[in-house]
Amino acid sequence: MDINKVKGQWQNLSTVIEDIDYSVSGHDYNVCLDHEKVRDFAALMLEEGFYLVALMAVHVSPAIEVVYQFAHFETRCRVLARAFVDDNGEIPTISDIYQGANWHERETRDFHGIVFVDHPYLHPLILAEEDVDLKPLLKEEANLKDVAAVRRQPPEPAPEPKAKPEPKPEAKPEAVKSQEQS
Amino acid sequence: MAANTETMTINMGPQHPSTHGVLQLILELDGEIVVKATPHIGFLHRGIEKLSEHRTYHQTIPLTDRLDYLAPMSNNLGYVLAVEKLLGITDEIPERVQRIRVIMTELTRLKSHLVWLACHALDIGAMTVFLYCFRERECITDIYEKVSGARMTSNYFRVGGLADDLPDGLEGEIRTFVESMPAHVEEYEGLLTGNRIWQKRTIGVGEISAEAAIDIGITGPSLRASGVDWDLRRDNPYCGYEDYDFDVPVRTGCDTFDRYRVRLDEMRQSVRIILQALDKLKPGPILADCPKIVLPPKQDVVNNIESLIHHFKIVTEGFKTEPGEIYQGIEAPKGELGFYLIADGSAYPFRMKIRPPSFVNLQGLPQMVEGKLLADVIAVIGTLDIVLGEIDR
Chain X
1 MDINKVKGQW
11 QNLSTVIEDI
21 DYSVSGHDYN
31 VCLDHEKVRD
41 FAALMLEEGF
51 YLVALMAVHV
61 SPAIEVVYQF
71 AHFETRCRVL
81 ARAFVDDNGE
91 IPTISDIYQG
101 ANWHERETRD
111 FHGIVFVDHP
121 YLHPLILAEE
131 DVDLKPLLKE
141 EANLKDVAAV
151 RRQPPEPAPE
161 PKAKPEPKPE
171 AKPEAVKSQE
181 QS
Chain D
183 MAANTETMTI
193 NMGPQHPSTH
203 GVLQLILELD
213 GEIVVKATPH
223 IGFLHRGIEK
233 LSEHRTYHQT
243 IPLTDRLDYL
253 APMSNNLGYV
263 LAVEKLLGIT
273 DEIPERVQRI
283 RVIMTELTRL
293 KSHLVWLACH
303 ALDIGAMTVF
313 LYCFRERECI
323 TDIYEKVSGA
333 RMTSNYFRVG
343 GLADDLPDGL
353 EGEIRTFVES
363 MPAHVEEYEG
373 LLTGNRIWQK
383 RTIGVGEISA
393 EAAIDIGITG
403 PSLRASGVDW
413 DLRRDNPYCG
423 YEDYDFDVPV
433 RTGCDTFDRY
443 RVRLDEMRQS
453 VRIILQALDK
463 LKPGPILADC
473 PKIVLPPKQD
483 VVNNIESLIH
493 HFKIVTEGFK
503 TEPGEIYQGI
513 EAPKGELGFY
523 LIADGSAYPF
533 RMKIRPPSFV
543 NLQGLPQMVE
553 GKLLADVIAV
563 IGTLDIVLGE
573 IDR
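Those protein sequences? They're chains X and D, same order as listed. Numbering-wise (our numbering), the first sequence opens with residue 1 and increments by one. Numbering-wise (our numbering), the second sequence opens with residue 183 and increments by one.
Treat the hints as calculated values from the structure; they're not laboratory data. There may be inaccurate statements among the hints.
Said to hold, decoys possible - When the alpha-carbon atoms are kept at most 25 angstroms apart in a straight line, the in silico DMTMM-like pairs for lysine to aspartate or glutamate are as follows:
#	chain 1	residue 1	chain 2	residue 2
1	X	LYS5	X	GLU48
2	D	LYS502	X	GLU65
3	D	LYS232	X	GLU48
4	D	LYS502	X	ASP146
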């Protein structure tokens with residue numbers, strides 16, 4: 001797999017692609033998606049040989065964010081992809097692309113109430129049937145944070161506050177990784 | 183006259199002895215053939231992810247013991263590494279701490295694999311192996327008790343170090359035990375590998391191809407027995423694993439028998455790692471020099487006022503972290519155990535997601551048993567090595 005070629009294909013699907021430092025964050029790339037593009041992105045990742053590490057959600061303002069984590073066996077590349085749910089709290093399922101997403105999506109539905117559209121069996125998995133409306137991991141109004149407040153802040157005094165942090169200047173994910181893995 | 187057949191649906195679990203905990207399987211049977219298997223989980227859900235949002239970082243460590251309760255130190259390790267990464271103090275962990283962590287987590291791998299082998303063999307009908315494995319496991323539980331005071335829920339690692347140093351003489355005890363271990367593994371192999379009944383019950387049972395395993399996201403020994411060479415200790419090293427010389431056993435049979443052989447080989451590799459770590463173990467501090475984060479040693483707390491103040495502040499208020507998100511995966515005995523932490527700058531995590539290996543691996547079960555015999559379901563549950571504590575969390 002050529003990561004630069006794959007990154008080129010991400011361009012069409014994503015709004016933000018940034019290189020992040022593996023030794024600091026545990027991932028090599030951070031990709032922000034529109035919720036309509038999630039399926040295309042997942043299909044691309046499967047084709048390139050990535051496996052789905054995990055799928056989860058975070059309740060932030062302005063909307064619940066669904067986070068997908070992928071890793072690649074040969075290049076050891078780790079990718080974090082994220083997408084906000086739409087206004088109805090829905091996002092397309094990827095369980096027909098990655099079989100393993102099935103339970104992750106059911107669990108996320110239990111904890112956050114997100115509806116994964118076209119999921120084959122979106123029934124409670126971890127919680128009991130009667131607790132379907134409990135949504136235990138949703139934050140209360142007072143504890144809800146803006147999405148920028150839970151991201152790593154830019155290093156050193158930033159010239160102006162930005163919504164998305166820039167990668168650190170010394171970040172060289174490829175170089176750091178190859179050194180670690182030798 | 184044509185026979186009038188219909189399928190029968192039965193419940194297996196959650197109180198069945200060979201479902202290894204509170205796993206419920208709804209099996210649709212056509213005679214002895216499984217037509218459809220549907221796992222039901224969640225009976226042991228304790229809301230650990232939610233609880234952690236209301237606890238300081240130190241207070242969550244005992245909760246992680248209760249994930250995979252057969253390998254508590256692996257869970258401790260994954261969690262403390264994640265918090266250390268979030269704090270950016272990974273490079274400040276003293277060498278002695280790294281070595282002891284490796285020794286204890288590899289002993290944990292042995293402990294977990296011993297329980298797996300014991301129960302797996304018992305389910306299939308080999309009683310003797312169970313007794314032999316628990317004999318060795320007892321030695322590891324004793325070591326656990328000496329270092330942490332608890333035989334199962336160890337709660338031994340701390341953010342930035344360890345709860346306490348190894349007691350006097352324990353290094354020698356660990357070495358004696360570990361050196362005896364290869365002979366014991368030979369003994370288990372002698373009982374099982376060439377055994378015709380064992381082979382009949384495991385070869386070709388519960389097959390899963392590498393493609394299907396990747397599609398589901400299976401990790402750990404189950405993946406390596408399907409021919410995929412992937413071990414986080416080597417591929418995404420943590421805790422100084424790059425310093426050790428060990429092999430990653432890989433086999434291509436994709437079946438229960440090869441998963442059994444991969445795990446036995448892993449036990450031999452763990453022994454190698456522990457012996458190397460014991461050779462490299464030198465005296466030194468067991469806590470990082472980060473007084474705002476690390477709990478001071480108990481001796482100092484009772485003897486000087488600064489340590490008492492630090493202790494009081496850290497216990498009552500916790501420590502604050504920078505906002506940010508990190509992921510830390512480790513190679514737990516069952517596969518990739520991941521902790522994904524999101525911090526908002528307070529003393530509590532904003533969100534903690536646990537990626538339990540058993541949860542993902544169990545999703546492969548229907549594919550492995552459908553179209554096969556009912557008796558194979560028992561073998562497949564055993565070979566997946568699931569622990570409901572971490573599946574339900």
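Indices of hints not satisfied (ascending): 3
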